[in-house]
Each structure stands twice: as C-alpha cells, then as structure tokens.
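S.K.: Make the full structure from the sequences, and use the hints.
What follows is each chain in one-letter form.
Number of protein chains: 2
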Amino acid sequence: MESSNDTRQRIISAAQELIYTRSYNEVGVQEICNRAEVKKGSFYHFFPSKRDLALAVLDQSQAVMYETIINRAFVDDIPPLARIERFFTIVYDFHKQVKKDTGYVFGCPFGNLGCEMSTRDEDIRCKVDDILRTSEKPFEKALSEAVTRGDLPATDAAATARAIFAYVEGIMVYAKTRNDPELIRELGKHALQLIIPAKIQ
Amino acid sequence: MESSNDTRQRIISAAQELIYTRSYNEVGVQEICNRAEVKKGSFYHFFPSKRDLALAVLDQSQAVMYETIINRAFVDDIPPLARIERFFTIVYDFHKQVKKDTGYVFGCPFGNLGCEMSTRDEDIRCKVDDILRTSEKPFEKALSEAVTRGDLPATDAAATARAIFAYVEGIMVYAKTRNDPELIRELGKHALQLIIPAKIQ
DNA sequence: CTTGACATTGACCGACCAGTCAACTACTAT
DNA sequence: ATAGTAGTTGACTGGTCGGTCAATGTCAAG
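Chain order of the listed sequences is A and B. Sequential numbering from 13 applies to the first sequence in this note's numbering. Sequential numbering from 13 applies to the second sequence in this note's numbering.
Accuracy of the hints is not assured; some may be wrong.
Intra- or inter-copy, both count: the list cannot distinguish identical chains.
Straight-line Cα separation of at most 27 Å, DSS-like style, residue types lysine-lysine; simulated pairs [to be verified]:
no., residue 1, residue 2
1, LYS149, LYS201
2, LYS201, LYS112
3, LYS201, LYS153
Just so you know, these hints were derived from the structure itself, not from any lab. Nothing here was measured: the structure is a model prediction, and the numbers come from that model.
M.R.: Structure (structure tokens):
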C-alpha cells in the first residue's frame, strides 16, 4: 500500500511537470511513465484514462499553489492590501527563478490547461473553473478586511477579487508568450488600480 | 495560380477553425486536409510543416481580428475612451453569438496558441508576442488621445494599454474556462479602473 | 508543339498514440 | 498454509501522427 501510493504519486508528479512545461496533448502516457519509472500497464492500474490523470494533476497543482504561493502571501502579519502586493511579488520571484533554471516562463498551470482543454473535456473544464473560483477567495477576504479596516471604501469584494485574479491570468499569458518574468512585475503594478479606483494617484 | 491560392486558403481556413476550437496538438494534418478537401500530399506542397501552417493561421487570425473587432471599435466617431468600451462590447457580442451557435466560448486564438506553444516553438511564440504587442497599439492611441483631449490625466499610455490588453487576455481565459460569455461583460466593467485610476467613483 | 513550373495524388514511412490484457509477483488477512 | 487482493509486467491492438516521394496532371509562356 505504501509502494502503491508511491507509484501513483510518482506518476502524478511526472505528469504534473511534463504537462505544465509542455501541454496535455503533446505529452503521451508513455513519456509520463518513462519519467515516473513505471510501466504503462501499471499506469492503467491507477488511472482509468489519461484525462483522469489530468484531474489528479490539477488537484496536486492546486495544493502546490497553496503551499508555495497563496498560504505564504495571505498571512495577516501585514495589512490586507499589502498581502495582495506580496502575492504578486511571490509569483514574480517564482517565475524568475524558473526562468533562470529552465530558460522558460511556463505561465499558470490552470490557465494553460483551461485554454487547451475547456472545449474538449467538461470535467477538466469544471475542475479548472473550480480552482479559479477558489483562488479568488483569499483576495476577496483580504479586500473585505481592507474595507473593514477603512483602508478601502465600500467595495464589491467578490467582483473585485475576480477581476484581480482574471488580471493575474492575463499577466501569466503575457509573461509566458513574451517568455519574460519581468512582465509579472511591470503589469502587476497596475493591479492596485483594479482595487483602489477612488484613490487619487 | 488562382486555384493554387484557393487551395492554400482553404487549408488555412480549415486549420484556423479547427485549431481555434480545439488545439494545435489535438488537430492533425490529416483532419485539416479532410475539412479543406485537400489531399495530404498537396498540403505539403504549400506548407513545409504543420508549424508553418500555424504561423500562416496566426496571420490570418490577426487579419480577422482587425476586420471584425479592432477596426470596428477604434473609429473616431465617438470619444477615445468610449472606443475602448465599445471594444469590450464587440468582443462580448462576438463570443455571445459563438456560444449560441456552438455551445462554447473559445477564448482568444492568440492567447490559446501562446499558452500551448510558447515553450515549444520559438517562431510561434514570437509571432503571438508580436500580435499581442500590435494589438496594444489602438488602445495606446486612444489613451493618448484621451489625455490630449483632457479626458484623462497624464498617463503612461503604452503601459496602461498593455495592462488593459493583458486584462483582456485574462478575461478570455476566464470566459473560456467558465464557458460563459457574460464574464466578458462583467469583468470588462472593471477595465475602466485600469484606465482611470484618479477618477473618484 | 514543347518546355518547365506549378499542382495534385495516393501510396508509403517509422514512430507514436491511448488503451487492453493475461500472466505473474508480493503481500496480507484469515 | 492458504486464499485473496493489490501491484507489476510486457506484449499487444488498431489507429493516428507528421512527413516523404515519385508519378501524374494542368496550364501558360516561348
């Protein structure tokens, strides 16, 4: 049972990396198995199909995003709006490091898969949609808190949080297409305007 | 020569639709040829490879975007900032109609291909990058004009235009992943905040 | 009427695709 | 000790992948 979990986890990890750095349709089951050092027959013992693996990879990627980004950014050691700024900094630092290591900006794993698969697999689309919705929550909470604290005038926190995260997705498309993590920093600066429309300069 | 151009054009049109509604890696050369009613041997008379076809498709898609969206939105019959609002309306109307016809929101053809191919084909990445850069220009021009007219305080028009178009890309990712064109309208409302930071409410 | 360029065709290539399966091994609970 | 379960293996399927090629067809300029 320990070994089984380990095999399954190795498959997920291998797929996560390959699909993120390439794309779902470009990476085959065989290649995933090679990287995970698992025979293909064994793969189908753990996953009924390739798309079920993609679903598991999405769960895994969401967990990683929380560990490495969201749970680090949204800590109440600093004011709520500063946490949002910290979010952008962490995302920038992450992609800057990845670019240094690999030469590439790979963008957002959820946006990537959403763009590739949303019109082709309803389950994958729904799971990505759910992850995006969930990702808005920490922003929404920070915005509400900022309003309560008086840092922000009355705001529709849910709508604004959604706008911010949509902007984040757009930034990731841009950074990936230009293969330049600096765009995350430069475009990130404008995110505050999405938040504080009433602020004068 | 007429017939030759026609064959080439049929291939491009077929590929444009198939790649836009599915993805580059999911659609094969054979399927493109079937839809274009062209034999595969003939395909390779016009295109040295599938990726060269993708490059041609990108050119075609850019031309279509100008005809159907940009050149309709950015006409100086209305004030510059109203043109940007009109851009969002046209994009919304387009995707609303496509959703009605096909059941799907397909997002942005450039963002889609950029996400899928940027780390895999440098020529495609550069072409998408170029298209995004070019697409910012009408926004930049409108913003500059708005500043000149006094509709807007002094602004870095280039940086703001880029932020807006990045936001547009994010909106398209969201609309595609939620398969809901209404998101374009709802999120589009917030774009003005990217433009007019100093405006009070 | 001939030449040469362009266009078209279908057969073909090796590689790979997702997925199947029966046989086998290793371990666990009784 | 044994029966049952979970995990592993490698051979296999039918189909598709991007791409090649030689033969043939078409047509216009000289």
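S.K.: Which numbered hints does this structure break?
M.R.: none
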